[in-house]
Amino acid sequence: MAKNNVGPNRLVVGAHYGLKDWLAQRITAIVMAVYTFVLLGSFLSGSNFTYEGWAGLFAQQWFKLFSLVTFMALYYHAWVGMRDIWMDYVKPVGIRLALQMITILWLVACAFYTIQILWS
Amino acid sequence: MSEAVKEVPKKERPQFRNIHITELPNYRLPPAGWVSILHRISGFGLFLLLPFLLYLFELSVKSEITFAYFKGILENPLVKLVLLGLIWAYMQHFCAGVRHLFMDVHVGIEKDSSRQSAVTVLVVSLVLTALAGLKLFGAF
Chain C
1160 MAKNNVGPNR
1170 LVVGAHYGLK
1180 DWLAQRITAI
1190 VMAVYTFVLL
1200 GSFLSGSNFT
1210 YEGWAGLFAQ
1220 QWFKLFSLVT
1230 FMALYYHAWV
1240 GMRDIWMDYV
1250 KPVGIRLALQ
1260 MITILWLVAC
1270 AFYTIQILWS
Chain G
164 MSEAVKEVPK
174 KERPQFRNIH
184 ITELPNYRLP
194 PAGWVSILHR
204 ISGFGLFLLL
214 PFLLYLFELS
224 VKSEITFAYF
234 KGILENPLVK
244 LVLLGLIWAY
254 MQHFCAGVRH
264 LFMDVHVGIE
274 KDSSRQSAVT
284 VLVVSLVLTA
294 LAGLKLFGAF
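Taken in order, these protein sequences are the chains called C and G. Per my numbering: the first sequence = residues 1160 to 1279. Per my numbering: the second sequence = residues 164 to 303.
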């Protein structure tokens, strides 16, 4: 029988979320790095740390959206990292699954809290 | 002859296993190793204290009254200490992450340069922590 599982027809195994998450972790990291530069720059260069200056920055719609995108990137990034930690140190499947579920619930709660803070 | 060969006792060969938790205190990590494990620890700490940080963020932007309350909370020495720890965790994670991104595109992966960048990460994150801390607590 001819080998039909070589080259482009090779049997690719795995669900690919290893690679997907690895890449997502890098992309979200870049988003957060850019945000950090903007925020840290405006924080350190301001003459003094007042409510008007600080809240004024977060009152603008573009910065609210920029913040939201960054925080969502943060939560995805944290999920990938926490999943790595659980996979490395917690071997019993039941406990690991429970910790992963708690992690997701924790991050989803943080995400909705973030939306509430930014638009209230 | 063949009998003589057989009778040579087997040498005890050293075994290298994964590091055990009881060996941690007398195990010397290179700078890159410190950056690696601190990346993990700082990330975990930031994850755990996310709600606290979000709460402080909420106080700081909600209204002038909550902003004043936020500044009052910062006067507490314990809050100052925790917050400085978190700022350091953020800066450490940030700097080590930037180093990571450069290494992903094969910049600075040689032994000497990676050691140098690891030391740089440790130092720069401490400097940035000091800067942000001084600003937050009103030194400039």
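Calculated directly from the structure, the hints in this document are not laboratory data. Beta carbons: idealized from backbone N, C-alpha and C, even for Gly. Heads up, some of the hints might be wrong.
Partial chain G-side listing against chain C, Cβ under 7 angstroms, derived [what the hints assert, rightly or not]:
(1) 206
(2) 212
(3) 219
(4) 221
(5) 227
(6) 243
(7) 296
Here are the simulated lysine-lysine pairs, DSS-like style, with alpha carbons at most 25 angstroms apart [stated by the list, open to error]:
(8) G:234 <-> C:1223
(9) G:225 <-> C:1223
(10) G:225 <-> G:298
(11) C:1223 <-> G:298
Right, here's what the structure says about each hint:
| no. | hint | in the structure |
| --- | --- | --- |
| 1 | 206 | 5 angstroms, holds |
| 2 | 212 | 11 angstroms, violated |
| 3 | 219 | 10 angstroms, violated |
| 4 | 221 | 5 angstroms, holds |
| 5 | 227 | 5 angstroms, holds |
| 6 | 243 | 15 angstroms, violated |
| 7 | 296 | 11 angstroms, violated |
| 8 | G:234 <-> C:1223 | 23 angstroms, holds |
| 9 | G:225 <-> C:1223 | 13 angstroms, holds |
| 10 | G:225 <-> G:298 | 21 angstroms, holds |
| 11 | C:1223 <-> G:298 | 23 angstroms, holds |
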